[in-house]
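From just these sequences and the hints, can you work out the full model?
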Amino acid sequence: MNIQWKKWRKILWRLYVLFGAGYLAVLAGMLVLTGTLDPVDNIVSDAIYQCISRNQNENMIKIVMIDSDTVEKLGDYQDWSRSKTAEFIEILNCVPKDAPNVIGLDLLYSEKKDYKGDKMLKEICKKYDNICIGTPAVIQKNEPAIKEAEVFDFIEDTEPVIVSDVILPYQDLLPYTITGVTNIAKYSVDGYIRNAVANITIDDIEMDSFPVAIYKMYRDSIGEPYSLPKLDIDRSFAFNYSKRSTDYIVYSFYDVLTGEVPASTFRNSIVLVGDDTKGERTYKVPNQRNTEMTEIEVHANILEALMTQKTGLHVSRTFLAFYYGIFVGAFFIVISFSGGLRTIIEATLLLAVQMLGCCILNKLGYYVPVLIPIIFVIGITVMNLGVNYIRAKRERAVLEGVFKKYVDEQVVNEIVKEGGIEAKIGVIRKDIAVLFVDLRGFTTLSESLEPEQVVDILNSYLSLVANAVAKNGGTLDKFIGDAAMAVFNSPIDIEDYVFRAICTAWDIRDSANGLDQKYKEKYGKSVTFGIGVHCGEAVIGNIGCASRMDYTAIGDTVNTASRLEGIAASGQILISSEVRERIKDRIKTVFTGEISLKGKKEKVSVYEVKGIFREEEESRKFLFGWRSV
Numbered sequence: 054m055n056i057q058w059k060k061w062r063k064i065l066w067r068l069y070v071l072f073g074a075g076y077l078a079v080l081a082g083m084l085v086l087t088g089t090l091d092p093v094d095n096i097v098s099d100a101i102y103q104c105i106s107r108n109q110n111e112n113m114i115k116i117v118m119i120d121s122d123t124v125e126k127l128g129d130y131q132d133w134s135r136s137k138t139a140e141f142i143e144i145l146n147c148v149p150k151d152a153p154n155v156i157g158l159d160l161l162y163s164e165k166k167d168y169k170g171d172k173m174l175k176e177i178c179k180k181y182d183n184i185c186i187g188t189p190a191v192i193q194k195n196e197p198a199i200k201e202a203e204v205f206d207f208i209e210d211t212e213p214v215i216v217s218d219v220i221l222p223y224q225d226l227l228p229y230t231i232t233g234v235t236n237i238a239k240y241s242v243d244g245y246i247r248n249a250v251a252n253i254t255i256d257d258i259e260m261d262s263f264p265v266a267i268y269k270m271y272r273d274s275i276g277e278p279y280s281l282p283k284l285d286i287d288r289s290f291a292f293n294y295s296k297r298s299t300d301y302i303v304y305s306f307y308d309v310l311t312g313e314v315p316a317s318t319f320r321n322s323i324v325l326v327g328d329d330t331k332g333e334r335t336y337k338v339p340n341q342r343n344t345e346m347t348e349i350e351v352h353a354n355i356l357e358a359l360m361t362q363k364t365g366l367h368v369s370r371t372f373l374a375f376y377y378g379i380f381v382g383a384f385f386i387v388i389s390f391s392g393g394l395r396t397i398i399e400a401t402l403l404l405a406v407q408m409l410g411c412c413i414l415n416k417l418g419y420y421v422p423v424l425i426p427i428i429f430v431i432g433i434t435v436m437n438l439g440v441n442y443i444r445a446k447r448e449r450a451v452l453e454g455v456f457k458k459y460v461d462e463q464v465v466n467e468i469v470k471e472g473g474i475e476a477k478i479g480v481i482r483k484d485i486a487v488l489f490v491d492l493r494g495f496t497t498l499s500e501s502l503e504p505e506q507v508v509d510i511l512n513s514y515l516s517l518v519a520n521a522v523a524k525n526g527g528t529l530d531k532f533i534g535d536a537a538m539a540v541f542n543s544p545i546d547i548e549d550y551v552f553r554a555i556c557t558a559w560d561i562r563d564s565a566n567g568l569d570q571k572y573k574e575k576y577g578k579s580v581t582f583g584i585g586v587h588c589g590e591a592v593i594g595n596i597g598c599a600s601r602m603d604y605t606a607i608g609d610t611v612n613t614a615s616r617l618e619g620i621a622a623s624g625q626i627l628i629s630s631e632v633r634e635r636i637k638d639r640i641k642t643v644f645t646g647e648i649s650l651k652g653k654k655e656k657v658s659v660y661e662v663k664g665i666f667r668e669e670e671e672s673r674k675f676l677f678g679w680r681s682v
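Here the working numbering runs 53 ahead of the position in the sequence shown, where the first position is 1.
If you're looking for bench data, these hints aren't it; they were derived computationally from the structure. Heads up, a few of these hints could be off.
Dumping the calculated DSBU-like pairs for lysine-lysine here, alpha-carbon to alpha-carbon at most 30 Å [what the hints assert, rightly or not]:
#	residue 1	residue 2
1	578	663
2	654	637
3	169	126
4	137	165
5	654	524
6	653	531
7	166	180
8	269	179
9	637	651
10	651	641
11	571	531
12	483	531
Since the model is a prediction, treat every value here as computed from it, not as a measurement.
Have a look at this one:
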């Protein structure tokens, strides 16, 4: 491969990584700022935050509902005498040790009804200091007129909290009770309630929300200080739901009034009283998506979040855009230089750390959207795996083109596994063993036979050589006419490569006997080989020009092996002293003398291989091929 092209390819790859990281960082930031994925993100975030927050311990908060049974027995509560409510409060408070800490009435008492009932309710509230009455606020809308129904609406997340009026209890009752605004939980953009407003200001007077007012009363009742959560600029806070509707035991107002439910049931608890008869005041909540939750149950969850400190703030979109942009860009850069199983492991670990971080931040009072990092991590991982797959296929095709004609397919697989084309076809210096084999008397043979017969012999000979090389893990470097060159320990490292080269030579010699016999019978011609083996350092790599390159070995080691083959007689395996020294305890040799080779100052000691020790399945056997010397 052209070195200059390799350099430019690396530069282009790095530019691609940097550009891709920048693009994905900007995209992630824009998705955060625009809130495009918020509806889906809310579903995922809810599954994490709301599920881990669920608390099914015994309820401190008790819900008493004006239900259909109560209405059937007593009529619509708006038509009742206030004496019924007074009687209810008296029942709960008459035995001090059984009394609840707070009674929260999410009921409307704005107008006087009957003198006797109104007076009784006033006197009972004067008698006990644990009563909180909900007061609906009139939220200012950007409309010419405020509709009556809007008095009871929860406000939307996108609206500023502008209160134009509050519907307070009737004048005589007001001094003897604590009030809290009931309708200031906030809708998110998808219509689910995840936020609540802690307090409002009207006519320069600050009023707590219904849950906050009750929370303060409860903390005062047990003699402990209270602390409000961190509030957003609009004085709102996010909260985790602790209960689903099915987790609450809801008591009938009528059953409490008649003693069916004993007053002791509500000892040291917070009692919330609501009206469920109209079935209109229900809302979508994130911890139960199939069914809506009543208003009083929403207040109960807000109250429990305050008591258990499961509240917090949403992290600024600007900060999140910046953070997720850096996160996504950095992940893309890191993952671009990974591949295969490592990519999957890195992505999985990163997602796990991200989710853990989000949960920890939630525990610390911060709400972080989780979908964007999940989408980008999974998307980048899949893309990286796809790119690496395509790259691996391309590399394998190149490798096969370079090596398949030289080595067994198993070796090609090993090359890919060990690092691919870049790792294996660069020019390097390496210690190898080199084998040359030549068909003896081929010129004479070709002159005495028909061309078809010559090709038949040559193909059989070349197949024999190729099979022997592949069997012993070598690389068939090239065919040069009737000669062949094989290298061992390249392109992949193999153990015992010098001995493997000798085993290859021995296998060729053994097979040559059968081939010689075959063609003596077929054509009356003898087919014999001469083999030379040498080992040492050589230059290995893809060598040639831009239009034609071959993976080969060059250097003195190659030349020496070739010259040893050149002086080998028919049937001889000649090796150098370097080869003999490395494996002398595993071969039987006969010294043939010292010879001068072209290009070498010193003479080379040459040995003929007469036998080899080769480990078989059960034992080591000494194999000899005795010939006359």
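Taking the hints in turn, this is what the structure says about them:
Taken as a hint, the residue 578 and residue 663 pair is honoured in the structure, with Cα atoms around 25 Å apart against an allowance of 30 Å. This hinted pair checks out: residue 654 and residue 637 have alpha carbons roughly 25 Å apart, not beyond 30 Å. Of the pairs offered as hints, the one joining residue 169 and residue 126 holds, with about 21 Å between alpha carbons and a cut-off of 30 Å not exceeded. The suggested pairing of residue 137 with residue 165 holds, with an alpha-carbon distance near 14 Å, which does not exceed 30 Å.
Among the hinted pairs, residue 654 with residue 524 is inconsistent with the structure: their alpha-carbon atoms are about 36 Å apart, more than 30 Å. Taking the CA atoms of residue 653 and residue 531, the gap is about 24 Å. The hint holds against a cut of 30 Å. At most 30 Å may separate the alpha-carbon atoms for a hinted pair to count; residue 166 and residue 180 meet this at roughly 21 Å. Pair hint residue 269 plus residue 179 holds up; C-alpha atoms about 19 Å apart against a cutoff of 30 Å.
At roughly 26 Å between alpha-carbon atoms, residue 637 and residue 651 fall within 30 Å of each other, so this suggested pair holds. About 27 Å separates the Cα atoms of residue 651 and residue 641, which keeps this hinted pair within 30 Å; it holds. For the suggested pair residue 571 and residue 531, the alpha carbons sit about 26 Å apart, so the restraint of at most 30 Å is met. Proximity of residue 483 to residue 531 is assessed by CA-CA distance (about 19 Å); at most 30 Å being required, the pair is judged to hold.
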